[in-house]
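A.B. asks: Below are the chains, spelled out letter by letter.
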Amino acid sequence: MTIALAGNPNVGKSTLFNALTGLRQHTGNWAGKTVELAEGTVRVGTERHRIIDLPGAYSLDAHSREEEIARECVASGAYDCVITVADASRPDRGIAFALEIMRHTNRVVLALNMCDDASRRGVTVDCAKLSDALGIPVVPITARRRRGLDALLNAAMQVSARDISVARTEYDPVLYAEKLCNDCVTYTHASNARDRKLDRVFTGKLGYATMFALLAVVLWITLAGANVPSALLSSLFSRGNALLLHVFDAIRAPWWLTRVLVDGVYLSVTWVVSVMLPPMAIFFPLFTLLEDFGYLPRVAYNLDRGFERADSCGKQSLTMCMGLGCNACGVIGCRIIDSPRRKLVAMLTNALVPCNGRFPLIIAMIAMVVHAAGFAGTVLRAALLAAVVAFGVVLTLLCSKLLTATVLRGESTPFILELPPYRAPRVGSVIVRSMLDRTLFVLGRAVAVAAPAGLVVWLLANVSPDGVSLLARAAQFLDATGRFFGMDGVILLAFVIGFPANEIVIPALVMGYTAGGALTDTTLAELHALLAAHGWTRVTAICVALFALAHFPCSTTLLTIKHETGSAKWTALAAILPTIVGLSLCAAVTWCARLLGFG
Amino acid sequence: MRKLSELRVGEVGRIHAVGGDIAARLHKLGFHGGAEVTCEGRAGRGSIGAYRVRGTVVALRRNDAESVSLWD
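Which chain is which? The protein sequence lines are A and B, in order.
With our numbering applied, the first sequence covers 87 to 685.
With our numbering applied, the second sequence covers 21 to 92.
Honestly, the hints are just simulated from the structure, not real lab data.
Treat the hints with care, as some may be off.
Think about it this way: if two alpha-carbon atoms lie no more than 35 Å apart in a straight line, the pair counts; the simulated DSBU-like pairs of lysine-lysine are [claimed, not checked]:
#, chain 1, residue 1, chain 2, residue 2
1, A, LYS487, A, LYS655
2, A, LYS283, A, LYS487
3, A, LYS215, A, LYS291
4, A, LYS487, A, LYS265
5, A, LYS655, B, LYS23
6, A, LYS487, B, LYS23
7, A, LYS265, A, LYS283
8, A, LYS291, B, LYS23
9, A, LYS283, B, LYS23
10, A, LYS265, A, LYS215
11, A, LYS648, A, LYS487
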């Protein structure tokens, strides 16, 4: 048997899907989370049934890609019944949607989700009365606490046995749903007073200040919290290094094999793990908590003026926030933007917001500029990192404007953004989900790239025809260009080597400077000493940070853009645009600094 | 006749009619003639507003909110 799961956005449909199937389809409190169909199975008794999760839609009118998919699926009749989900604290929209579905089938169950939340908000729905009026079962559930799921599945089994008949009705679903709600729903007190209070803090006049403060606090917790586990991992790995050398010695491995594996592969992989894992394991859960809480649509609301002036879609804020985790994910997220022109704008500019893989590099550069130790130092560095991210947002807006004013001109389309009710995030499940789904996924990908890249870089650094290594030759070739932009040949080469994954820029730098040798300990202090020994100044660090913020996106992101746009031309522009921006910024900083007598 | 974009923050109005390209989409969100609407706030120096109809809060840009007229 096949069950189709339908409903408006922001009603906990993905949560119900996960509760039923035990899968971990990503959920989030904002419209457009599920653009494609997800599938899973649920066990009822001894039987397994298929569940198709339709994208969240406000109607079947096909005003957006999500609605088109939902409409096609509902109209196809390729299911035995439809469970349509509504938010119990504001059931009008969900009932109207159920009425639309009932124009296609009578095998429908209405699930009133988040009943616990509704009763807290003083909303009571008379399910029996509503069920009589609609002619379909109405089941109260709380998906996140797995309440009412058995009753829901039973109701689904019952309606699946119905003879198919479709009521030809003339009424307007929206108006009729409101009439039904007037009859069946009682409100005991102002149901949204708390949301209004929260919105006064998170949006409006305080919006920008709160947003920057939240970003800085999240980054501060990330930086401060990551120090200890990073140091621990790093010392653990350097012991592993010694151990590995002993082992290779004991088995009499040839020296080159030992070095290529230990100094090349092992160094890269352990660097990526010790530098990336702790901040990611802190940042992703915090970010997911905010997402669960319902904060992301508020970011879009706050920043909308900027995006409107850049003639881009307001939903671009959401894809930008996703890019903060991983740019490739951000590019895929651009599917939520309906206008093809604005979707392209969002995809081409996504990499201007630094992803998690670039954070360690930018953090290391900030730490080179601001050495101050202790609490004040961490706060200052977190604020600077937040400022770098904010600068990335400014660059995104400027580049979006540039694109919409030149190659992507067109008509503006209306923008409707729902601001969903705030919800208390589920701390436990958020941590588990973000660790398993995001952190380990991104880390796994980085490690998979770091290992072969470490090998290649080591070989480049150690294969020396005529006594000069390939790496040194390439660096020499790029050196003049690099210096013009306030960097040097090794730095540019490290960025080129970091093309598969930006996480390996620092290990590549280290190998470039030590000619294939390795640091005994992967601490920031030692890194800074090495960089300073190769002529780095604060201006160099600033330029590298700027170039890290704005340069060609990593190969994964570019492949995703190629896949999503199907165009080599747009993919090329996505690589060229941020590179030009970054190099211009570096040149400006360098030449200003030189004129003023620094660096 | 006033427009939705002219509703002051905290003020409640009654919708007269919805025009423009987004009429059908707004109708599905409960924005139809006769519906009561509250302006919950504005951001970006008034370029976008948050409007509540029957428990659902929707943010609209000024030019989109201009296509909704209110009873005086």
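A.B. asks: Taking the numbered hints from earlier one at a time, note which ones the structure violates and give those numbers from smallest to largest.
C.D. replies: 3, 4, 5
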